[in-house]
Amino acid sequence: MGVTSTLSMSASVLQTKALDLTAAEDSLAFRRAVQLTDGVTAGKADRVFHDRRTLAASASEDLDLAGVLTDAFGQALTFVRVKGLFIAAAATNTNNVIIGNAASNAWAALLGATGTVTLRPGASLGVMTGPADATAYPVTAGTGDLLKVANSAGGTGVTYDVVIVGTSA
938 MGVTSTLSMS
948 ASVLQTKALD
958 LTAAEDSLAF
968 RRAVQLTDGV
978 TAGKADRVFH
988 DRRTLAASAS
998 EDLDLAGVLT
1008 DAFGQALTFV
1018 RVKGLFIAAA
1028 ATNTNNVIIG
1038 NAASNAWAAL
1048 LGATGTVTLR
1058 PGASLGVMTG
1068 PADATAYPVT
1078 AGTGDLLKVA
1088 NSAGGTGVTY
1098 DVVIVGTSA
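Under my numbering, the first residue of the sequence shown carries the number 938, and numbering increases by one thereafter.
Worth double-checking, as some hints may not be accurate.
[Unchecked claim] Distance condition first, Cα-Cα at most 16 Å in a straight line; then the derived EDC-like pairs of lysine to aspartate or glutamate:
no. : residue 1 : residue 2
1   : K1085     : D999
2   : K1085     : D988
3   : K981      : D1070
4   : K1085     : E998
5   : K1085     : D1098
Calculated directly from the structure, the hints in this document are not laboratory data.
Working from the sequences, and respecting the hints, build out all of it.
Below, the structure written as structure tokens:
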């Protein structure tokens, strides 16, 4: 099974200001992209997890990056390094989606052991490493492999999409 990935993020912004006889413009086209081929070294990835998930009111779950998640073909995934992480909260959510701060064995490579990111309804988080980065964001099976995702409040459930791209070694 081979993996080929393009991880990207972009922002296009146009600012204008009316002047007496003309208009001034500032145009920004920001884009970062990484092409990854199949493998486990720099510029490569061989594991992918993606899913749309729903959490009940006030619920949370730990995504175990080492041995519990399964790929699209039903095979168990053990990430040793994460090269791309994308999480998007559904725009129809009422509550926020909170990422990070697992009670034990927290995957601390990105946010530290107790750090969190709050995704308001419709918000997204995207993190990726550069093509020359072989280290990426390490996962330590059994002691540093749980990525907590939580519903911020009671009353309603939340839905979120998650994509994780990484390596098995």
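Are the Cα positions of K1085 and D1098 separated by 16 Å at most? Holds. K1085 to D1098 sits at ~14 Å (cutoff 16 Å).
What's the verdict on K1085 and D988, does the C-alpha distance respect the 16 Å limit or exceed it? holds (15 Å)
What's the verdict on K1085 and E998, does the C-alpha distance respect the 16 Å limit or exceed it? With Cα atoms ~6 Å apart, K1085 and E998 stay inside 16 Å; holds.
If you draw a straight line from the CA of K981 to the CA of D1070, is it 16 Å or shorter? holds (9 Å)
Just to be careful, I want the Cα atoms of K1085 and D999 compared with a cutoff of 16 Å; is the pair within it? holds (4 Å)
Checked against the numbered hints given earlier, the structure satisfies every one of them.
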